[in-house]
Every structure is written in C-alpha cells, then in structure tokens.
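Keeping their order, the protein sequence lines are chains U and F.
Counting from 1, one number per residue, gives the positions in the first sequence under our numbering.
Counting from 1001, one number per residue, gives the positions in the second sequence under our numbering.
Hints are supplied without guarantee of correctness; some may be wrong.
25 Å max Cα-Cα, derived SDA-like pairs, lysine to any residue [said to hold, decoys possible]:
(1) K1078/F with V433/U
(2) K838/U with K1012/F
(3) K846/U with R1028/F
(4) K937/U with Q923/U
(5) K557/U with S1033/F
(6) K1090/F with K659/U
(7) K839/U with R1051/F
(8) K420/U with R1028/F
(9) K659/U with R1066/F
(10) K839/U with E660/U
(11) K839/U with M1001/F
(12) K1078/F with D435/U
(13) K1084/F with H244/U
(14) K1078/F with E276/U
(15) K659/U with H1042/F
(16) K840/U with R1066/F
(17) K1090/F with S740/U
(18) K1078/F with T422/U
(19) K466/U with D350/U
(20) K1012/F with N246/U
(21) K268/U with M1001/F
(22) K838/U with E1038/F
(23) K840/U with S1033/F
(24) K838/U with E1039/F
(25) K1084/F with G629/U
(26) K840/U with E1039/F
(27) K846/U with L1044/F
(28) K1084/F with E660/U
(29) K659/U with Q1023/F
(30) K840/U with E1038/F
(31) K839/U with L1016/F
(32) K659/U with A1027/F
(33) K420/U with T1074/F
Chain U is faced by these chain F residues, among others (derived, beta-carbon under 7 Å) [said to hold, decoys possible]:
(34) M1001
(35) I1002
(36) L1003
(37) D1037
(38) I1046
(39) A1048
(40) R1053
These are calculated hints, taken from the structure and not from any lab test.
As the structure is a prediction and not an experimental result, all values here were calculated from the model.
Virtual Cβ for every residue (Gly too), placed ideally from N, Cα, C.
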Amino acid sequence: MTGYRLPMGGRVNRQTQLAFRFDGATYAGFEGDTLASALLANGVQLFGRSFKYHRPRGLLGAGSEEPNALISVTRGPGRFTPNLRATSIDLYDGLEASSQNRWPSLKFDLGAINDRLGMFFPAGFYNKTFMWPRSFWEKLYEPAIRRMAGLGHPPTEEDPDHYAATYAHCDVLIIGAGPAGIDAALEAASGNGRVILIDEQDELGGGALSDPALWPWLDRSVKALAASPNVTVLTRTTAFGYFHDNFIGAVERLTDHLADVPHGPREKLWRIRAGEVILAQGAIERPLVFDGNDTPGVMLASAARVFALRFGVAVGRSIALMASHDSGWHDIFALAKTGVGIAAIVDVRDAVSPDLLAQAEALGIPVHLGHSVIGVRGRLGVKAISIARNGGTGVADLACDALLMAGGWTLTVHLWSHSKGTLAWRDDLGAYVPDQPNENVRCVGACAGAWSFGDGAVIDILPTPKDPTRAKAFVDFQNDVTAKDIKLAVREGFRSIEHIKRYTTNGMATDQGKTSNLNGLQIASTALNRPVADIGLTTFRPPYTPQTFGALAGHAKGPLFQPTRKTNIDSWAEENGAVFELVAQWRRARYFPKAGEDMHAAVNRECRMVRSSVGIFDASTLGKIEVVGPDAAEFLNRMYTNPWKALEPGRCRYGLLLKEDGFITDDGVSARLAADRFHLTTTTGGAARVLNMMEDYLQTEWPDLNVWLTSTTEQYAVIALQGPNARKVLEPLVEGIDLSAEAFPHMAVREGTICGIPTRLFRVSFTGELGFEINVPSAYGRALWERIMAEGARFDITPYGTEAMHVLRAEKGFIIVGQDTDGTVTPQDAGLDWAIGKKKPDFVGKRSLARPDIVAPGRKHLVGLLTEDPNVVLEEGAQIVADPNQPVPMTMIGHVTSSYWSEALGRSIAMALVVDGQNRMGQSLFIPMPGQTHVAKVSSMVFYDAEGARLNV
Amino acid sequence: MILIHCPYCDEKRAELEFAYAGQAHIARPADPSALSDEEWEHYLFIRANPRGRHHERWRHIHGCGRFFNAVRDTVTDKFETTYKAGEPRK
C-alpha cells in the first residue's frame, strides 16, 4: 500500500466520487480517473500475473503502451472484455474489473511455481520440449500450457452490442493530439479543407495533460478547434492501421466509459481517406534492463509524472529514480514539487549537466552518478533497491517504495511503418526515426524526433557485478522475455532480428513491443557485435493496439453476414413448411415435409409424385443471360462446345462451357428466341462467373462482335412443372401456345401468355419426365405458382425441393457441374462427347482437348455405381479402391460424387469419378468405410428410362 | 485499400469496385489448332512474375463493367498507369 491521492492537483474532478470494484473489493475514485490511477490512489500496486512465469506485476506505464496491467471488465451478460489495459480504462460508477492469469488469487498464485522453475523455461522451450510424441501435443501439452500461460479468458456468451461503421474523407488527417498534433490541427483549421483530428485518450492534450503550465494553452486550443466548422475532433479513437493511398482505419469507443450503456452502437469503425496525413503520435519512454525490473512499483518515470500531475496520484511515498537520460531527472523534480518524498537519483552516466545536479541539490535529493540498480527487494512491491558503482563490487541498499526508470525514448513510428515509410537510425536518440515517406504523410513532434528529449546514454543492460545468468532482467514484460533469452537466441545461431523475435517471442505480445523492441535490439546488437542499424527492425503491423472483433465485423454478423437471396416464390415455400438450404447465396427449398415425415420420407414422396403425376419446382435461381445482337449466334458458337448457328428460333439446346484449359466450367439449356436473341441459362452458382467470362471474351478477344450480354437472373421467376400430367395442368392456363407434342416438342421454346402474364415457355426436363419451365416476370412468380397449384390440385400436384430434384436428375444421369465435376473433368471424362461440335474449327477450350495429358489413357471418368447391397447408400466423397486387401495406405482410384436412394428403382444409385471408369463397366470396385467395405459395380450413369420414352410424349 | 483509376470512367475509385483479371497483353491465338503443344502450353499457363512493373488486367466489375489494362509495381503495390483495352502496351 504505497500509492496515495495527493491533496491537490491533477485534472480529476474531486467533486464527483465514483465507486468501483476490482477483484471483488470496493474502491472509490474520481471522475477523470483511469482504473489504473484510481487503484494506485487506493494503494493498490499489484495488477496482474505475468504470462509465462506468473510473476506479480504492477503498472509499467500510464498509457496504451502498458504491458503488465491487463484487466477484464464485465458489464453483464455477453459484455465481458478481457485484456484491457488498466491505464486505458476510463473509470465510471459501478465499474466491475478483475485481474487475470492467476489462481486462486492475485496475491497467492499457484502458477508462480513456473517462476521458481524459470531456469527450465528458456527461449524456445516449448519448441524444444514438446515436439514429441506428436499425438501428445493436442491432448496433453497444449491444453496444459493454455491453462498455465495466457492472458484473459474469452467471453462465453454472444455479444449483445452492435457496432457502427462509417466512411469519412478529409484533406488533412492528424493522428495524435499532443502539443504537436494540436498545433498542426490549428494550422490546418485555418485553411478551407476538411480536417479530422483523432486521439486515443478521453481528452485532447497528450503529454500536455501532465504539464499544468500548458493547460491554459490547451484550453484555448481545444476551444478554437471546437469552434472551427471544418474540423472534426474524435477522442477515445484509436487509429489502428494505415493502409494504401492514405486509407486509415480507426475505432471510436462510444459507450465503454459510460456508467449506463445507452441505446446505440458500442464502437464505431471509421474508414478515413485523407489527402494528407500528419502523424503526431509522440514517443514512449524506454525501460531499463536490470535484475528485478518487473517488481510491482518499478515503472517508467514519465508514467509516475502522468499519475501525479494529470491524476493527482503519487505512486509512492519514497521514490527512487534509475536514469540513463535527463528526462527522468525532470520528472523527479516535478514530482518533488508536488510534495512526494524522493529517495535518490541513480544515474548510470558518470557525468550529467551541472544544471541538473544544482536542481537536485536545491531539492535535497541524494544523487549517485556512475551507479546502477542491480537488484530490487520485495516480491509484491518494492521495499528497497541495491545499487553498485559501475564496474565495482561494493553494494549499497537504498530503502524506497517505488523505483522509476528513465531509459530514453522510443519514437512511435508504428503507423508510419504501416504506410511503408522508411526508417533511419539515429545514434544520438538510440532510436529509429521516420525517413522517406511512401504516402502523402509527414511526422511532427516527438515521433519525428523533432522534440527536445534532453541528453541520454543508450544502454542495453545495466552493468552488474552479479552473475547475469541468474538475473531476471526483463525486456518484454508482457511475454516474459529476459535479456538472457535474447543472448541465448544469439548463442544458438539466430542472426536476424526477425528470427530472434520469433524464437524468443520478444515484441510479439498484444503490446507489439512498444516498450521492448529497442531494448531487445540493443541487446542483440551487443551480443552479435554488430551495429543496430545492421540488424534492422522487426515489422510493425496493424493493429496499433488490440481492437474488438465487433468493431471490425460491424453489422456483418448473423443474418447480415452476407445477403440471402430469395426468389419471389420463397415466401410461399416458407409458409408451406419448406426446409431450406443455401445454394451459393440463394435460399432454396430442400423439401416440403408433411406432418410426421422425415427428410427421406418427404423426398421419396416428392420423387414418386413427379414420376407418377406432376411436381412443381421453383427454378428461379437458375442463372439467366440475355444474349442479343447480330453476332449472337457466332458468339455462342465460339463460347460453347456445341454448334449454335444452325439452331432454329424456337428451339433449345444443352450448352456445355469449358475454360480454355479444356475443363468443364458450366452448363445449361439455352433457347434461341429470334435470329439475334438467345435466352441462356447457367448453373445457380455459376451465373456471375459465366457472365464475367463471356464479357471478358467479348470485350477483349472479340470486340468486333456486335453482341450485348445482360444478366436477367432476377428478372424472371421460373416454375418447373414436371411429370406425366404436366401438360394437362398447363393447358387450361396458357394462351396463344399450342402445347401438343407435335406443335411443341421436347427442347423447344414458345412465347405467349399464361394467366394473362407474358411468358417464355420452355419444354425442357431435368427429371426425365414430360416437363415445362415457365419463365414469367419475377413479380408474378408467387401468383402464378398459386394458380398452377390450384389447377393441379385434381392431379395431386406436389411441390418438390432441391433434394428430390437431385435424385430425379441422378436417375437420368444428368450431371451437376461442381458436384460431379471438380474443375479437372473434360467433356470426354464426363461422357459428354456428344455435346462437342465435331465440325467446329474452334471454341473456348477446344485446343486443350488435344493436350497430351488430356488424351493420355488413365484419366478419371464419370460413371455409375450400383452397390451390391441395394439398401446401402454410399457417402458422397467416399474413396474407391480396386483391391480392398491391399496394405494401407491404399491406392485410391476415385471417389463417389453423387449418391441417393432412388425411389423409382427401389435401390441406391451413385455416380463416381473413377480412373479409366468407362473401360471398367461391370467391374466390382470397393469403397472402404469405417467398420465395413462396400462393394459396387460400375454401370452406365443413366439408371432410369435409358431410351427416353417418358420425355417424348 | 488502393484507389484505382478506371480509364473508362476517368475516375479514381476504391479497390473493392474492381476485380483482378490476370496478366495483360496475352492475346488468344487466332487459330489455336495451328499451335504446337508447347506453344499452347505457353499461352495457357506460363505467366510473368516480375519484381516490379507488372502489366495486368483489371475489371471495373462493380462500376462500368469494362476490362482495362494497368501497370502496377508488385513491390510497392502502386499503380503507375491504367489504360483502355486495345491500347498499346505502356
């Protein structure tokens, strides 16, 4: 219990007290506090347990760079957020927070045994230890490691909040609202352009918030910006990524700081396109590396300054400083002036400016130059430190309850690096600074290196007379990486900083190495005896700080994840109990169960009714393309394998479409309506792809052809009427079309009206029965469907779904592109040689049909399979072998592509792709499945009505 | 998200309006049957994979629908220029 609220000072509102809970205990804080400052003010020093060793940890920083104090916040069911930084949680009345990665309690954590065993957990420990046996990894090692190591738990309930997203455009985008960012915004505001200023904190000011001398200027500036009509100011907004062409992603947190969650989005994703970007992200102080530097109470000097001057909280009653940089001295002087007790200033440098020494003397602060901290006493909080003269052996103990570190400054160049701007090493800063931009962007203020940081020495590890192999000197606090881990990686042969990073996990935690990257680099540089600039720097990637999945997903979840396409008839299917399935983005009725029916009973009934009377099917999802123009026939002739020029108006043709590599990509029946007009159909899933392919050839290969392509998929509702009674149902409804077999044969098309609605009536069949496909404008779909249902009642007309459609087409051996073919199947492989126009000099894919691999023997052919046991329905995707007694792994010669119970045949049927299948007719093949090997004979794919007698009636 | 200039619309639009369409300036042979297996293989499968300037096709699929050509740097992902289909290689 060391921190306390100073009697005065800070920007918190001491009139408004807020109650909150942390690990079950109730505390009080002020409006304007963060969870970190409020807990510190209550004397709490222990915030969490470390990732790997479960070491007790307190605060290191005061801002979003904080690696240690990761906290879970819960706001009721589904509103649980793990891994929040206590320094970035705005306090509100009733806040409910808890620490992580400890059991049973934060102060007494059994996992801390890992710390005692630390010598057994060096860099690469997991890679080295748990490699063997492989089967142990998933069942034993990984679950155990996941329990012991790790951060917060994932939420267990669905997130009830919603998340908004918006696009914004501006002339100037300024990221970071410290003094440099505010100055840039004020300058931009004086022009006419649109300006956006964003900052991750709850109020503008950045570093100025902990410098009371700047507060009058800050007040004036904030008011001026608020009064500028062309300026948008976004606080609590994190610019997390910088993408191509000045496109910035930012998340605005709208409700997490409020006591009562209002109606409205929790967060808003901003997608900002900026003319110019100005980065004013500042700099982050660097910790020093020495034994015990992770003890609760050891923190950055700048953080202690923020807590004292912005929040009015002292981090201790007797504070010591370990510095290699002047800035820490200034922080200590500022703290001393608030009345906090200062124990000593220790500086690794042998000499500092006389001015600093004079100020220390005036404030009565003991100074130890040329000394380093070599140890920290106290496990749950600092009790004392040991210091030694550099190179010497004498050790002195200093009592204190907090130790500040001032190791110099690391410029925040994350977004600059996202934008692919280059970096240059500056020896005097011991840091990388922005060099050449890759976008219209510039850096200002501290992140540009254009700031008076003061003087400092760049030190990788503080000198110590102790055995360095026994030291726990942390570099990456969040991932528990110590100096000796990095040295071990170098000893084991790693040379690239990218490899050292991955081996040690330095900089790979959720803080992305904000406080550890450059210390790690310095240690590697010393160990490799090469300058830092030669070793490079690891790559910064978005996000700058962790963001919620909710903000990134926005409304694209649940039913809004992607559009569900519905036909005009869909509502009828829903009202009549259809079970649906998704086909591409289309929702299609799969079957229509009657009371008490399971899927098989329903599908069998639907199939029976189509074969014995008449069935009705919603085929509206079929892709449709209107091909118009004087060269339409020539164009189709070049695209499809079949000949089209001789097709007479009023006739239909099955079209087979290949890609240029000779493999089947789509098929469908198309009709010639006039000399210059075709009505094409494509597969349901292939419509957009086929149109794109046709446009490609038309625009770029044959721009001389005078043809127009128009997608009409959604313009027509299509009702398939199939079965021996189909004509009888249709006859009373159709006007102006002679439906007789002679006047309207199979594979013909007629235009007329049905129930007064203009129609393109196709006589086609995907079932093998007498069939019609009725195309009407989409809006009439359901009305016509209901008229046909009423008319068909006397024949017990039966709606059927995609499942029955699949069975009926398989009984006839009609293929489904994408199910029976997989992008490696040629027309010959699929038994569709007949669809190739032999006399055509060229069509897309023709040349490839003569490729050596495609004419070579041993290709897989699509064939029928009849199981020995007629009741066995094979699993689609099941593998096929020629000899079931061969040793495992067996030689697989193909797989089942379609498999159903055929009600018409009273047995199972299947289609399969089998090596050399067309030459294996009658042969028995084997399908090994768990527990049993099935036997099946190769057969023709046409299982039902092979002569087509049922079609031509 | 990259901005791409459509030479038909003459506007810079967001990448999500466009679809990539492979390497540019590979014309379909006038008479494929006259090609040897090797020549046909070259036309079908062999593509450049440069580090730097790459001539490629894009389609303004959610805009005007036109295919056009572009020169893009594969290292920086920056577009050098875009031009209409049929115009000479830039």
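Now for the hints, and whether the structure bears them out:
no.: 1; hint: K1078/F with V433/U; in the structure: holds (24 Å)
no.: 2; hint: K838/U with K1012/F; in the structure: violated (47 Å)
no.: 3; hint: K846/U with R1028/F; in the structure: holds (13 Å)
no.: 4; hint: K937/U with Q923/U; in the structure: holds (5 Å)
no.: 5; hint: K557/U with S1033/F; in the structure: violated (51 Å)
no.: 6; hint: K1090/F with K659/U; in the structure: violated (29 Å)
no.: 7; hint: K839/U with R1051/F; in the structure: violated (44 Å)
no.: 8; hint: K420/U with R1028/F; in the structure: violated (38 Å)
no.: 9; hint: K659/U with R1066/F; in the structure: holds (20 Å)
no.: 10; hint: K839/U with E660/U; in the structure: holds (18 Å)
no.: 11; hint: K839/U with M1001/F; in the structure: violated (49 Å)
no.: 12; hint: K1078/F with D435/U; in the structure: holds (19 Å)
no.: 13; hint: K1084/F with H244/U; in the structure: holds (24 Å)
no.: 14; hint: K1078/F with E276/U; in the structure: holds (17 Å)
no.: 15; hint: K659/U with H1042/F; in the structure: holds (16 Å)
no.: 16; hint: K840/U with R1066/F; in the structure: violated (29 Å)
no.: 17; hint: K1090/F with S740/U; in the structure: violated (61 Å)
no.: 18; hint: K1078/F with T422/U; in the structure: holds (16 Å)
no.: 19; hint: K466/U with D350/U; in the structure: holds (20 Å)
no.: 20; hint: K1012/F with N246/U; in the structure: holds (14 Å)
no.: 21; hint: K268/U with M1001/F; in the structure: holds (19 Å)
no.: 22; hint: K838/U with E1038/F; in the structure: holds (24 Å)
no.: 23; hint: K840/U with S1033/F; in the structure: holds (11 Å)
no.: 24; hint: K838/U with E1039/F; in the structure: holds (23 Å)
no.: 25; hint: K1084/F with G629/U; in the structure: holds (23 Å)
no.: 26; hint: K840/U with E1039/F; in the structure: holds (21 Å)
no.: 27; hint: K846/U with L1044/F; in the structure: holds (12 Å)
no.: 28; hint: K1084/F with E660/U; in the structure: holds (24 Å)
no.: 29; hint: K659/U with Q1023/F; in the structure: holds (17 Å)
no.: 30; hint: K840/U with E1038/F; in the structure: holds (23 Å)
no.: 31; hint: K839/U with L1016/F; in the structure: violated (43 Å)
no.: 32; hint: K659/U with A1027/F; in the structure: holds (15 Å)
no.: 33; hint: K420/U with T1074/F; in the structure: holds (14 Å)
no.: 34; hint: M1001; in the structure: holds (5 Å)
no.: 35; hint: I1002; in the structure: holds (4 Å)
no.: 36; hint: L1003; in the structure: holds (5 Å)
no.: 37; hint: D1037; in the structure: holds (6 Å)
no.: 38; hint: I1046; in the structure: violated (13 Å)
no.: 39; hint: A1048; in the structure: violated (18 Å)
no.: 40; hint: R1053; in the structure: violated (17 Å)
Checked against the numbered hints given earlier, this structure breaks hints 2, 5, 6, 7, 8, 11, 16, 17, 31, 38, 39, 40; the rest are met.
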